[in-house]
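These protein sequence lines map, in sequence, to chains H and W. Read in the UniProt record's numbering, the first sequence has 231 at position 231, and its numbers run on one by one without any break. Read in the UniProt record's numbering, the second sequence has 106 at position 106, and its numbers run on one by one without any break.
One thing to keep in mind: the hints can contain errors.
Note that the list lumps identical chains together, so a pair holds whenever it fits in one copy or between two copies.
[As the list claims (entries may be wrong)] Here are the simulated DSS-like cross-link-like pairs (lysine-lysine), alpha carbons at most 27 Å apart as the crow flies:
1) K398 - K67
2) K214 - K197
3) K58 - K292
4) K41 - K11
Hints listed in this document are in silico derivations from the structure and should not be mistaken for laboratory results.
Number of protein chains: 2
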Amino acid sequence: MIFFPDSEKIKDIINRGEVLEADYLDTVQDILNDVKLNGDKALIKYTSQFDKYNLEEKFYFDREELKVFFDEIPEDLKTAFVNAKGNIELFHSNQKEKTFLVESKGAILGQKVTPIDSVSVYVPGGKASYPSTVLMNVIPAKVAGVNRVVMTTPASNGEINRLVLGVAYLAGVDRVYLIGGAQAIAAVAFGTESVEKVDKIVGPGNIYVALAKKLVFGLVDIDMIAGPSEILIIADESANPKYVAADMLSQAEHDELASAITITWDKELAIEIEKELDFQLKKLNRADIARKSLDKFGGILLVDNLDEAIEFANSIAPEHLELAVKNPFELLYKIKHAGAIFMGHFTPEAIGDYFAGPNHTLPTGGTARFYSPLGVYDFVKKSSIINCSKEYLDKYGKLIVKMAESEGLEAHANSIKVRLEGRDGF
Amino acid sequence: MIFFPDSEKIKDIINRGEVLEADYLDTVQDILNDVKLNGDKALIKYTSQFDKYNLEEKFYFDREELKVFFDEIPEDLKTAFVNAKGNIELFHSNQKEKTFLVESKGAILGQKVTPIDSVSVYVPGGKASYPSTVLMNVIPAKVAGVNRVVMTTPASNGEINRLVLGVAYLAGVDRVYLIGGAQAIAAVAFGTESVEKVDKIVGPGNIYVALAKKLVFGLVDIDMIAGPSEILIIADESANPKYVAADMLSQAEHDELASAITITWDKELAIEIEKELDFQLKKLNRADIARKSLDKFGGILLVDNLDEAIEFANSIAPEHLELAVKNPFELLYKIKHAGAIFMGHFTPEAIGDYFAGPNHTLPTGGTARFYSPLGVYDFVKKSSIINCSKEYLDKYGKLIVKMAESEGLEAHANSIKVRLEGRDGF
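Next up, chain H with everything else stripped away, as it sits in the complex:
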């Protein structure tokens, strides 16, 4: 499982998320058009076809109807979710931005921050239906001050996930629609008889959901498109191979496309980690998935030194980066691209996935080069503020006229001139 920087494996890892979108484009476009045209009727048809669920029985749960699902969560698990919610709220409150005004050469300039009015969170059904997804997507919207937060989640094979609905109540969701796939995205993007149109759609989903989000992008806003998950661990001689192996497996168990890599320059450590992986794998329920993920897209990368490890990490721009080293804070500023950085030996990824507070919705597949974790900033928007005086115009008006004229936009120039010289100016 040990490999080297010149390995062919690295190319496989980088390209593992590539999907031939073109193959799905027509199908998704058809579903979007159908929902846009036929509304609820189309939703009922697709939900029966794909989820084996009859929407006409129960289309959605309103806030007060969700409480029963929250109440039935076992006490210790409820405590965990309530604690996690508090931590997530607390961390995200640090991301709140304020309206500002500044004076600039006699003009008053500024930026007003306003929450988005309404948001829909997509939560997958079936095996990938996770309550932590609900907390991580809903809470930043609530902290931002979004007025209406709804959720769409399919009753896959006719079954609802009661824990997901309970946590939706805890998180403050206003309504949960039992729809999924591209049709759910279409419903909240266009609106139907029963579904109110929203301003932004967030949350993970399969290729149909992702492509539908891309196609409605512009009509509504969307978050980033999530690909398969990954962890990269930089381990020095201080690392505990048992911990490193456990953290790799926590990523590898997700799905066969997940990638779990440890980079080290300590050959002995590499061998120890390999042994631990074998040992711990045997005990896992999801051993088959984890083993396939490790064989194809994971392993222990042996490099020459720390600098090479960091260079490789930046080139991969991993979703999760673990610095299993003695002095992680000293490395922080060498890390250019990573979704979240887990520092030191007592910060396994799972702490961030569930509990500590920062968001677990992170840029995957190298997109940490340009995307950020989901945050409060994704649920507000800004308006520029400009206030000028007659004196400002007197001083700078002629320069602005010059610029407008250089672009051939006469009426732009006139709007300045009329204030300087009246209509005699033009």
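Fit chain W to the known structure of chain H by using the hints.
Then chain W, alone, in the frame of chain H:
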């Protein structure tokens, strides 16, 4: 030109940007695939076909080659652009975000801010080729600290816009590629023999450019998709009809799809503005365009009172909102959705288009409901930071294990357990 809140015109205004994207999807997808597969060869072919320009003669200008275009700008116009650049830099420096660390229940949490590595700015060719576009798109990227900023702009009908190239030098662009359309987007998204792949693409463009950006979204990041431009002016009895008319025309001259609306509850003012529009229109070069825009998508909306005016403005979520009222700051917090807000009688939109400092790349067509002006925040990304101690795990580890188990993710739970109890824990 006066109309009322129940007018059919309002629906036309809202829907005026709607384009049947599906009609263009195959063409754009074909161009993208062709450039991905055939690189420069495809770029040369499309550029010859669409722009009547031979890329093999001159493919791009490097920074030092651009200086000649800057040097030839007339002195007074140069002064204007240099001043504008200073103002834009100054305003955008207020948007810079800082890395932070906070302590939370014994864990250290934080958020690291890092500039995006490389950005490409699209600047249209032909009639919509504006030097101000260059400043407004390039400067926030430079302020953010982006390492490499390139530009793509077509030599439409074989002709380059020398002023645009000169201002590209002033703004700090590293290289200008003489390519346009969907093929330019493909080139910087995928990379070719001559074009280096970038991490983010910004800038306005026609339907082909917009759709290409949408389709490469995810592989690279993009800015918002721009539609036709609009201004909404709320005018009270203190407004000067000459100024209001001039500002409406500065929007209406852009193109026939532009929308310029004044809302007022003062009937006399409405009549005065109407007269002024007629008078000022006659003098304009672009009178035909402006008149068509006003007839179809503009005019003076007569409402009952200020509250109704603000409600209407929020429902339109205009790109540009002008508060031509006596006390504009008192209205600021009633405005929920607007790209930029121009306050008072001496702040025509043109000041913001060119000079004051805030960005002129603004959300159009109602998308101010969820988009912000282009800003420094568009050219950085964040990484979460999490650092926990053994004590933190001892205290909260069991709750995290509960949550992982509730999702059936055994290895996630193990990664906590191994640190609490060693491998005996699982």
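Find the hints from earlier in the document that the structure breaks and name them by number, from lowest to highest. 3
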